[in-house]
Amino acid sequence: MSITQKKRLTSDAMSASLAGEDQRTTAAPLGHALVQLAQQDERVVGLSADLAKYTDLHILRDAMPDRFYQVGMAEQALLGAAAGLAMEGFVPFASTYSVFATRRAYDFLCLDIAEANLNVNMVCALPGLTTGYGPSHQATEDVAILRGMPNLTIVDPCDAVDIEQAVPQLAAHNGPTYMRILRGKVPRVLDEYDYTFELGKAQLLRDGAEVLLISTGLMTERALEAAKALTQDRVDVAVLHVPTLKPLDEETILRELGRDRVVLTCENHTVIGGLFDAVAHAAIRDGVFRQITPVGLPDEFLDAGALPTLNDRYGLSTSKIVERVKSLLDPKHTERPD
Amino acid sequence: MQSTTEGAAVDAARVQRIREAAYRIRTNALIQAEVQGQGYIGQALDVADVLAVLYTDQLKFNPADPEWEDRDRCLLSIGHYAIALYAALAEAKFFPHEELETYATDDSRLPMSAMASYTPGVEISGGSLGHGLTIANGVALGLKRKGNPAFVYNILSDGELNEGSTWEAAAVAAHHKLDNLIAIVDFNDQQADGKSQAMLSMEPIDGKFETFGWITRRVDGNDVEAVVIALEELRASDAAQPRCLIVNTKLGKGVKFLEEREKLHFMSVGADEWQLAHQQLKEQFEA
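Protein chains in written order, with the UniProt record's numbering: chain A, 1 to 338; chain B, 1 to 287.
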């Protein structure tokens with residue numbers, strides 16, 4: 001078969017929508033939530049470093065141009081300006097890609113914003129494996145970089161519901177925040193559950209007696225799908241969603257870890273320095289000795305390629321989570337007769 | 001306030017008053033440096049005249065209310081110059097003169113590098129270079145958004161211009177027509193490893209800022225009359241552009257044996273030399 005005949009999988013590099021074709025979605029939830037907030041609170045302003053269109057901030061820019069500042073492709077200038085606006089009493093939402101805010105402008109985030117404990121909210125796109133563009137754009141270690149930064153609140157939302165509900169809470173929080181956003185057509189998942197985003201809180205989305213999946217970010221959607229799939233195998237799986245990675249809701253996590261179940265953490269981030277580390281850290285400090293298996297990205301610079309391929313390759317797809325859970329269970333468990 | 005136009009002289013009594021303030025700021029700097037026996041003494045002495053112009057003649061502020069909404073904001077990028085800023089803030093009565101003797105000691109409000117959370121009148125935590133102008137942009141945008149006519153000043157060093165973020169900020173300031181922003185570059189031709197011009201020359205500094213869309217002036221930063229005139233001209237301009245004043249200064253200015261010292265960036269002064277420093281400072285001031 002020639003190259004032209006064979007259909008090859010690709011991923012649209014920057015405008016990739018994560019949602020499947022049959023999925024319920026909301027377009028640009030961050031942008032619309034910001035417009036709504038800005039209409040109610042005149043302190044709210046948006047800034048971007050040449051990526052408004054790719055972080056959904058163009059919605060605010062177009063609806064309320066007077067409330068938006070473009071600084072060009074200059075991330076250090078972006079975060080410094082956000083700090084200055086916050087010093088003057090405004091509540092800036094600054095957007096770029098996660099890689100640029102964290103790797104490139106770390107010193108500005110740390111000293112201008114976090115040390116001064118200013119109400120600057122970084123809303124940054126392309127977290128973890130959400131583009132096949134390669135390591136230049138894949139923020140696989142942003143949470144690891146940022147967890148050591150005092151004063152900073154870190155949010156990894158699951159879906160459009162999380163993003164919409166987080167925006168006003170980030171603005172109300174008197175200190176800096178970093179949210180790894182999903183953009184474009186963002187899935188709606190959590191409104192099927194009795195769920196409301198609460199900054200700093202983890203929430204049990206479904207209970208289960210045998211397995212506990214502690215998940216954050218878009219991996220919560222896959223954890224829920226995996227839990228449903230495992231029901232077919234009569235495996236009873238709980239899903240604990242942890243949208244705020246710092247400060248971590250240790251009370252809820254330790255409560256759930258206290259039950260005798262197979263435990264996995266699921267994160268769209270390297271297994272170093274993210275959710276797995278945070279949960280393990282809390283468990284050991286509290287004397288909870290339980291094996292915890294991380295589902296996350298390897299300690300590697302990831303391949304470029306099509307997202308479905310890469311999600312399978314690195315174990316982040318729903319089917320790979322299912323396989324991983326099964327491999328951890330007593331083989332007899334899943335083979336028992338009806 | 002006496003208005004000035006280009007080439008116009010500033011009233012002699014006013015110049016004398018500022019020079020006296022600069023002398024006291026230098027004395028204040030020496031008092032702090034003596035606590036530690038070393039520090040950024042050369043820089044404090046070189047920038048004292050500019051700080052005297054700002055804090056005793058040009059800036060609007062209220063030492064009893066450091067966060068007074070109508071104040072001019074003066075952001076010190078170069079946190080290293082802390083003793084210089086503290087010396088000026090003490091002269092401007094933000095805190096008692098005696099507090100200078102606590103400089104860089106335990107529980108002092110005057111840490112070795114200037115930080116906003118510690119000291120009344122300090123607007124930002126500088127020290128990591130190349131930050132001040134980026135923050136000044138946001139402050140300038142914020143003031144405009146509030147309709148507040150105050151000015152934002154940012155004191156940078158010539159070495160700091162090596163940091164690329166300064167030029168990101170310079171471009172943003174010009175693009176957003178921040179005519180309420182005045183950058184003051186202290187050109188003392190000295191950075192950690194040696195002379196700035198031998199490390200990474202940024203000359204022509206005025207030409208670079210102008211190319212980025214700024215209005216510039218360049219004067220002898222140890223001539224208070226020239227600094228006053230330049231600042232008033234820059235502030236009075238109707239151009240929708242940010243403004244930059246480059247001040248050529250001399251390391252150790254005012255203390256002859258320090259002006260001539262070889263190692264200038266982070267200066268050690270012997271225990272026996274402090275009295276001499278104060279003496280020479282007085283002699284040069286009275287000369």
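Since the hints were derived computationally from the structure, they do not count as laboratory data. Hints may contain errors.
[Stated by the list, open to error] Quick list of in silico lysine to aspartate or glutamate cross-link-like pairs, DMTMM-like style, CA-CA up to 20 Å:
| id | chain 1 | residue 1 | chain 2 | residue 2 |
| --- | --- | --- | --- | --- |
| 1 | B | Lys93 | B | Glu67 |
| 2 | B | Lys144 | B | Asp189 |
| 3 | B | Lys177 | A | Asp66 |
| 4 | B | Lys146 | A | Asp50 |
| 5 | B | Lys60 | B | Asp70 |
| 6 | A | Lys185 | A | Glu210 |
| 7 | A | Lys185 | A | Asp22 |
| 8 | B | Lys144 | A | Asp22 |
| 9 | B | Lys146 | A | Asp41 |
| 10 | A | Lys320 | A | Asp233 |
| 11 | A | Lys201 | A | Asp236 |
| 12 | B | Lys144 | A | Asp277 |
| 13 | A | Lys201 | A | Asp303 |
| 14 | B | Lys144 | A | Asp66 |
| 15 | B | Lys177 | A | Glu256 |
| 16 | B | Lys146 | A | Glu42 |
| 17 | A | Lys246 | A | Glu198 |
For each hint, the structure was consulted:
no., hint, result
1, B/Lys93 to B/Glu67, "holds (14 Å)"
2, B/Lys144 to B/Asp189, "violated (34 Å)"
3, B/Lys177 to A/Asp66, "holds (15 Å)"
4, B/Lys146 to A/Asp50, "violated (25 Å)"
5, B/Lys60 to B/Asp70, "holds (8 Å)"
6, A/Lys185 to A/Glu210, "violated (34 Å)"
7, A/Lys185 to A/Asp22, "holds (12 Å)"
8, B/Lys144 to A/Asp22, "violated (47 Å)"
9, B/Lys146 to A/Asp41, "holds (14 Å)"
10, A/Lys320 to A/Asp233, "holds (15 Å)"
11, A/Lys201 to A/Asp236, "violated (24 Å)"
12, B/Lys144 to A/Asp277, "violated (45 Å)"
13, A/Lys201 to A/Asp303, "violated (34 Å)"
14, B/Lys144 to A/Asp66, "holds (12 Å)"
15, B/Lys177 to A/Glu256, "violated (55 Å)"
16, B/Lys146 to A/Glu42, "holds (11 Å)"
17, A/Lys246 to A/Glu198, "holds (13 Å)"
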